[in-house]
Structure formats: structure tokens, C-alpha cells
Amino acid sequence: MFLENFFDINAIIYTYPLLLDGFLLTVKLVAVIVPAGIALGTILALIYALGGWFTKAGFILYVDTFRSLPPLVLLVFIFYGLPFLGIQLGSFASAVLALVLNGSSYYAEIVRAGIVAIPKGQWDAGRATGLTRFQTIVYIVLPQAVRNVVGPLLGNTLELTKATSICSVVALPEFLRTAQIAQSHVYNPTPLVFVALVYLILLWPLARLVSRLERGIATH
Amino acid sequence: MTSAPVLQISDLRKSFGSEEVLKGVNLTVQRGEVVVLLGSSGSGKSTFLRCINRLEEPTSGSITLNGNSVTASNANLRTLRKQIGMVFQSFNLYPHLTALKNITLALRLSLGQTRQAAEEQAKHMLAQVGLAEKAHAHPSELSGGQQQRVAIARALALEPQVMLFDEPTSALDPELVGSVLEVIRLLRQRHMTMVIVTHELGFAREAADRIIMMDKGEIVEEGPPEQLFTAPKHPRTREFLKHFTGR
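Residue numbers (full-length UniProt numbering), protein chains in the order written: chain A, 1 to 220; chain B, 1 to 247.
Hints should not be assumed to be uniformly reliable.
These stretches of chain A come out as covered by chain B in the derived footprint (C-beta under 8 angstroms, 3 or more residues) [to be verified]: (1) 12-24; (2) 132-141.
No more than 30 angstroms apart at the CA atoms, straight line, and that leaves these computed lysine-lysine pairs for DSSO-like [what the hints assert, rightly or not]: (3) B/Lys233 with B/Lys216; (4) B/Lys242 with B/Lys101; (5) B/Lys233 with A/Lys120; (6) B/Lys242 with B/Lys216; (7) A/Lys28 with A/Lys162; (8) B/Lys233 with B/Lys23; (9) A/Lys120 with B/Lys242; (10) B/Lys123 with B/Lys242; (11) B/Lys123 with A/Lys56; (12) A/Lys120 with A/Lys28; (13) B/Lys123 with B/Lys101; (14) A/Lys162 with B/Lys101.
Examples of chain A residues lying across from chain B (beta carbon under 8 angstroms, computed) [claimed, not checked]: (15) Lys56; (16) Gly58; (17) Gln144; (18) Arg147; (19) Asn148; (20) Ala196.
Simulated from the structure, these hints should not be mistaken for lab results.
Virtual Cβ for every residue (Gly too), placed ideally from N, Cα, C.
The following block holds chain A by itself, in its conformation from the complex (with noise of 0.2 angstroms):
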């Protein structure tokens, strides 16, 4: 009874084309999302730490903002909210503004901390050679941020991968979506377990990945 219920091989041979689909988009949602939001958070931070007190205010505001919006909100408000506004997006295109704003709010709070962290003599050595103050960012302060915040970056692009699967909501075909459709093909829940277990198996590497980066940060 409950392995036919719950993992029926049928009910997966028969909805595989779909449940790749649905698989893939995921993919594609997190190739787009993840790097978009890695690079919009590295520039946000970058103008925090160059900038004056007006851009370090709007830092502030941008980050605390889209920290404290469930990104489920922001989308569901894009998607079904802008339209009002005469702004019609796509699903695909809402879900990846709305997981790009969530996203780079985090990684640019993580790449801030990780400069703000580096000493000023690190600033005066590369000032006192003739460097900009970008120069001395990019090339001498960043490099050795982003290095002592790799845990907390990674643990944060696992967070945004999970959260690819509230784009269901919008009616985007990504894994779970096509998990659900699958689902009320065969009259049976295999399919969701599926994509539980791929999600698991897949992402489980990376969890165990963060842990021990920040297990070795903190014994540092």
C-alpha cells in the first residue's frame, strides 16, 4: 500500500518527459538567477564600501528591504501585483527578478561584511602605490574578501536554489510544478517524492559543503 502510493515506478516511466522538463527549467532558473544575483550583490557592496554616506544609506535600505520580503511575496506582488502598474512580466522573467532582488540583498550583505573585515592597512598599502580606490577594491581588498566568505556565499546559493521551487506558484513548469502536474496525471503522490529525493540527493553534497566551510571559519 505504501509503496504503491508513494513510489510507484510507473507513475514515474510514464511522466519522465515532463518531470526532465520541469527538471531542466529548474536548472536553467538557477544558471540565470545565481550568478545574476552573486554579480548585482558584489556591486551593491562594492558602492558601500566606495561610496558616502547617501549610498551607504541606500545599501542599507535596499538590503534590509529584500531580506525582510519573503521572496514568495515579492513574487506572487510582481507576477499578479505589477500588472496593475501596466508592468507585465512573464513567469519566468518574475520569478527571476523577484529571486534576483531576495538573492543579491543576501550576497551583497555577505560580500560587505567580508570587506569591511579586511585591515586598512590593506587600503593604505595599495593608496600609497599610485592605486584608485577602485583599483585597491578589485584588486587587492575583494579577491581576499570573497575568500573568507565563501561558506556563507555558498550556504546562501543553496537557499536561492531551493527557492526556485516557489516559482510553482506563478505557474512556471519548473521541478515541483511539473512534479504536481505529473501528480494529478497518475492519481499519485510518486512524483513529488521524486523530486524530494533528486532534491536531496543533488543538493545534499552542497549542505554538508557549507557546514564544513563554516566549521573551518570558525576554527580559524
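Use these hints to put chain B onto chain A, whose structure you have.
Below, chain B alone, put in the same frame as chain A:
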């Protein structure tokens, strides 16, 4: 033709909040001259040095390097800083880069040299400080003395008009101090203009052309080392020398 001074500093003042740490310092450094600044901690020596290349922004006063104003609001700081080498107490090497890359970075970014030219120059500089074989070592693989010599090579590579040393041996184990002082002696033989903040009194006496005694943000006494060490005039100088030689 009289030789123009390399550095000319007049009435330099610096305040942090309400605290005035430099109270109108005047100093002229001639080409090839070695000036050593003495004074207890908190006397403003380091701040003074850091004002010369404007790592600290002076509150008022003027500084010129070879006649070019460093303190003017339109001063080209990047160009001027390339001509002012600086060596820090804590070395401030870039830990993520090899010794060679620590030197080539500014050569490439500030002077616009090609990779090949920069690496050649950097190897040459490392050889000068006796570390040719350490080109590909990271700072963490070097002793403190070696790190400081790489830092000196990094500053020298830009071929500065003057070198500023901010307590270059204070963070070193006693047995490593000698190797760094040896490099500074070598620079002296080559007539490098230098301003050195140090607590190594023996070295100051031997290497300085002129000693400046600072106390509470002011120059209280200056003169040739023999005069200052054997017949100090100001009570603060006497007290300072007694304290340090009495150790």
C-alpha cells in the same frame, strides 16, 4: 645652482575631532638626506608621516614634493604617491598574492607597465633586498623580516623620490631586525632620500643625517645625531634618550 629640497613641509596641522595631534610642524628634507623622527608613542610621528602622502588628510599646512604641491586641492595624488614610497610597521603585504605579484601590481596598474616589464623589474627589486629566490612565495610563507623586505622592494620598484618608513622594525622579532636595517643602510649608500620613524636608537645615530625629536605634535629639537645624542638640549629629548638607552 642650489639643490632644491625634495620635501618641504610647513605649518602642518592635523586634528582628530577636538584633539590636535600635529601642531604646526615644519620640515625640509634635502635630496639624499636621511631624517630620523624620534618620539614616544602618541607624539604624532606616524600621523605626520601619513600626512606626507595624504593617507591622512592634513587639517592645514602645505607640503611640496620637488616643488609640486601635495596639499593643493587639485593635486594629482596618484602621480605624487608613486613618487613617495611608504613602508609600514605591519608590512601590509597582500596575503593573496605572491611576493612577485605584490610588487608587479602597482607597476602594472599605476605605471602601466607590461606584465613582462613589471615582472623583470620586480625580480630585480627582490634581488636587491636579497630575496630573489622568494619571488613565488606568498607572504604567509615568509618571515617577518622577509615580508618587510618585500614591502620595501614593492615601494622601491616605483622609483620614488623619497621613502617614508613608519616604524619598519617594530613588529619584528629582535633577530630579524638586522636584515631590514641592512636594506635601509644600502639605500642610504645609494643616496635615497628617506624619512624614518624608528625606536632603534643605535641605528638612528649611525644612519641619520639629522634627527628630529617630536613631542605632543611638535618638533622640540633637531640636529645632527652626535649633537642630539651627546648633548640634548630639550628636557623631553633627555628624558626620552634616558628612557630608551636605560633599557
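Now the hints, each set against the structure:
no., hint, result
1, 12-24, "violated (count 0)"
2, 132-141, "holds (count 4)"
3, B/Lys233 with B/Lys216, "17 angstroms, holds"
4, B/Lys242 with B/Lys101, "44 angstroms, violated"
5, B/Lys233 with A/Lys120, "38 angstroms, violated"
6, B/Lys242 with B/Lys216, "18 angstroms, holds"
7, A/Lys28 with A/Lys162, "13 angstroms, holds"
8, B/Lys233 with B/Lys23, "21 angstroms, holds"
9, A/Lys120 with B/Lys242, "35 angstroms, violated"
10, B/Lys123 with B/Lys242, "43 angstroms, violated"
11, B/Lys123 with A/Lys56, "41 angstroms, violated"
12, A/Lys120 with A/Lys28, "40 angstroms, violated"
13, B/Lys123 with B/Lys101, "10 angstroms, holds"
14, A/Lys162 with B/Lys101, "40 angstroms, violated"
15, Lys56, "19 angstroms, violated"
16, Gly58, "25 angstroms, violated"
17, Gln144, "5 angstroms, holds"
18, Arg147, "7 angstroms, holds"
19, Asn148, "10 angstroms, violated"
20, Ala196, "40 angstroms, violated"
Checked against the numbered hints given earlier, this structure breaks hints 1, 4, 5, 9, 10, 11, 12, 14, 15, 16, 19 and 20; the rest are met.
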